[in-house]
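So the chains spell out like this:
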Amino acid sequence: MARTHTPLPDLPPPASTIGMVGWVRTNLLSTPLNVVLTLAAIYLLYISMPPLIGWAILDADFHGSSKDACTSSGACWVFIKARLDFFIYGFYPTSEYWRVNILYVLLAIIIVPQFISNFPRKSWIGIAGLTIFPVIAYILLAGGVFGLTSVETNKWGGLTLTLVISFVGIVAALPIGVLLALGRRSDMPVIRTMCVIFIEIWRGVPLISVLFMASVMLPLFLPEGVNFNKLLRALIGIVMFQSAYMAEVIRGGLQAIPKGQYEAADAMGLSYWKSMSLIILPQALKLVIPGIVNTFIALFKDTTLVLIIGLLDLLRTVQAAYESPEWPDVAAEGLIFAAFVFWIFCFSMSRYSQDLEKKLDTSHKN
Amino acid sequence: MAKTTAARTSSSAKTGDAAIEIINMNKWYGHFHVLKNINLTVRNGERIVICGPSGSGKSTMIRCINRLEEHQQGQIIVDGVELTNDLKHIEQIRREVGMVFQHFNLFPHLTVLDNLTLAPIWVRKMSKAKAEEIAMGYLERVKIPEQADKYPGQLSGGQQQRVAIARSLCMSPKIMLFDEPTSALDPEMIKEVLDTMIELAQEGMTMLCVTHEMGFAKTVADRVIFMDGGEIIEENEPNAFFNKPQNERTKLFLSQILAH
Numbered sequence: 001m002a003r004t005h006t007p008l009p010d011l012p013p014p015a016s017t018i019g020m021v022g023w024v025r026t027n028l029l030s031t032p033l034n035v036v037l038t039l040a041a042i043y044l045l046y047i048s049m050p051p052l053i054g055w056a057i058l059d060a061d062f063h064g065s066s067k068d069a070c071t072s073s074g075a076c077w078v079f080i081k082a083r084l085d086f087f088i089y090g091f092y093p094t095s096e097y098w099r100v101n102i103l104y105v106l107l108a109i110i111i112v113p114q115f116i117s118n119f120p121r122k123s124w125i126g127i128a129g130l131t132i133f134p135v136i137a138y139i140l141l142a143g144g145v146f147g148l149t150s151v152e153t154n155k156w157g158g159l160t161l162t163l164v165i166s167f168v169g170i171v172a173a174l175p176i177g178v179l180l181a182l183g184r185r186s187d188m189p190v191i192r193t194m195c196v197i198f199i200e201i202w203r204g205v206p207l208i209s210v211l212f213m214a215s216v217m218l219p220l221f222l223p224e225g226v227n228f229n230k231l232l233r234a235l236i237g238i239v240m241f242q243s244a245y246m247a248e249v250i251r252g253g254l255q256a257i258p259k260g261q262y263e264a265a266d267a268m269g270l271s272y273w274k275s276m277s278l279i280i281l282p283q284a285l286k287l288v289i290p291g292i293v294n295t296f297i298a299l300f301k302d303t304t305l306v307l308i309i310g311l312l313d314l315l316r317t318v319q320a321a322y323e324s325p326e327w328p329d330v331a332a333e334g335l336i337f338a339a340f341v342f343w344i345f346c347f348s349m350s351r352y353s354q355d356l357e358k359k360l361d362t363s364h365k366n
Numbered sequence: 001m002a003k004t005t006a007a008r009t010s011s012s013a014k015t016g017d018a019a020i021e022i023i024n025m026n027k028w029y030g031h032f033h034v035l036k037n038i039n040l041t042v043r044n045g046e047r048i049v050i051c052g053p054s055g056s057g058k059s060t061m062i063r064c065i066n067r068l069e070e071h072q073q074g075q076i077i078v079d080g081v082e083l084t085n086d087l088k089h090i091e092q093i094r095r096e097v098g099m100v101f102q103h104f105n106l107f108p109h110l111t112v113l114d115n116l117t118l119a120p121i122w123v124r125k126m127s128k129a130k131a132e133e134i135a136m137g138y139l140e141r142v143k144i145p146e147q148a149d150k151y152p153g154q155l156s157g158g159q160q161q162r163v164a165i166a167r168s169l170c171m172s173p174k175i176m177l178f179d180e181p182t183s184a185l186d187p188e189m190i191k192e193v194l195d196t197m198i199e200l201a202q203e204g205m206t207m208l209c210v211t212h213e214m215g216f217a218k219t220v221a222d223r224v225i226f227m228d229g230g231e232i233i234e235e236n237e238p239n240a241f242f243n244k245p246q247n248e249r250t251k252l253f254l255s256q257i258l259a260h
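Respectively, the protein sequence lines represent chains F and B. Residue numbers for the first sequence follow the numbering used here, beginning at 1 and rising by one. Residue numbers for the second sequence follow the numbering used here, beginning at 1 and rising by one.
Read the hints as simulated data drawn from the structure, not as lab findings. No experiment lies behind these values; they were computed from the predicted model shown. There could be a bad hint or two in this list.
[As the list claims (entries may be wrong)] DSSO-like, lysine-lysine: derived pairs with alpha carbons at most 27 Å apart:
no., chain 1, residue 1, chain 2, residue 2
1, F, Lys274, B, Lys128
2, B, Lys150, F, Lys274
3, F, Lys259, B, Lys150
4, B, Lys88, F, Lys359
5, F, Lys259, B, Lys36
6, B, Lys150, F, Lys358
7, F, Lys122, B, Lys128
8, B, Lys218, F, Lys122
9, F, Lys286, B, Lys150
10, F, Lys274, B, Lys88
Take the sequences, apply the hints, and build the full model.
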């Protein structure tokens, strides 16, 4: 009766289930089909990687300032280096580059803390980024006040223009989208109908035709002498177009919120706007972060379409540069560079949204 | 029936202490007549249990009292204010009427404490510090002050329902509505919620409670109301209601519910 129980000691797991070997076995060689696929993938890498690395790095030219410096068989990265100013600033006057540089520094000051958890006052920095920053950015870019030389918007270009368009698009499309989504679910028939018509019209038209209409057709309807600037017209077109998409994404989130949440908020005596802003929207927006960021990424890439109305975004500056006779045969380098810059921004947005989702998750489902 | 109703409303009008008066109220869902000629007067401090088979309209009736459902005919007067389409009146009544739901309906994106302080801060315009002090007081009363900083998803069903009760109490309501508060709970958690409700009843809160917990009805109710097919079939004080039911449908219902 006095026998005591001694627990068995923990044994190490079999070597084939842990570590490198275990990983390879479970992920690469678990079934005959997986073995075949793994071998095929290795073969594809074997035939494609060496030439690619050779072209992009080993045989590439990095030094020099003109096409003549590109003597080897690989990529001519000299092109990117030589025309980098053009890709970033477009036709912005060289003497005023410092104004754009200040903006990039400010942008970094605003964005970098958002990626660092527990950075002090980071939400205030974010709010300043959405409110004060656009004003400062406009003053710095356009000039004409505080002794700054005025720079016409048709001189703006390159990455700067791409960022201006996407920033304005993102900052304006989200709130307008929220209002449209709420309006579409409103009990008031007039508001609901207006929102449905707005959303369905803008969503049913290709962005290219919106931009064409903004730049070519709009002036036909305006009285003579009234003319507002091409960039502003493109911006309005993009914001309207993207806010219609945003509205539908957010409506999806609103519909996913259980009726009980609306009822609990009502039963407490919260007004419509308070119950929306305190209870419903925080939950709905959190649910559709992937959809919202998807729309942002699409918007960021769609800004390249402004080239058809003659605005010089990043892609158009790259294209203009490799089409010039001074730089023959560098289209691939230019396009890879442009793609890489776009990818960096889009991938950052994607990662940021994943972090945000994790941080905001209070569901404790598991 | 019509005579007794008239007598009741006139008597309550004389004494003037009616918390809720429902007079000849009718409601339809499309063509479906879901509440038929409801007459009910609830005095201040009265505890009423409403029971009946599912689909009898009992939840719909108490949801009309804070306008989560709209009635189409008749009058509902809560705390001296008549419910009409006037949003001001609706919000005024909702401030004074707390509601506890079957599925708790806590706000999952807010901590327990924020759930409790939200309405006092935004509706009653209370300072954050004051609202938190009151909220902690109610959390202690429902015996879960240690959960204040957790999210609703981390709590058991019984704890969530007690938080929901505390959340309603933070608005210092004059009337509390309970819509099947224990129906979504596991059996071992029902008692903790009922204990909280019994305590509340003993403090003199005006309560309307839709529930199948007949033990609770016997312990605290001043009156038990039986509904079926959208009508109030029978109402009486608990002893008489359970021991000498008058209507055949009441007898059938009680035999079914007390059988197990």
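Hints versus structure:
| no. | hint | result |
| --- | --- | --- |
| 1 | F/Lys274 to B/Lys128 | holds (17 Å) |
| 2 | B/Lys150 to F/Lys274 | holds (23 Å) |
| 3 | F/Lys259 to B/Lys150 | holds (23 Å) |
| 4 | B/Lys88 to F/Lys359 | violated (38 Å) |
| 5 | F/Lys259 to B/Lys36 | holds (26 Å) |
| 6 | B/Lys150 to F/Lys358 | holds (17 Å) |
| 7 | F/Lys122 to B/Lys128 | holds (22 Å) |
| 8 | B/Lys218 to F/Lys122 | violated (56 Å) |
| 9 | F/Lys286 to B/Lys150 | holds (19 Å) |
| 10 | F/Lys274 to B/Lys88 | holds (15 Å) |
Hint compliance for this structure: hints 4 and 8 are broken, all remaining hints hold.
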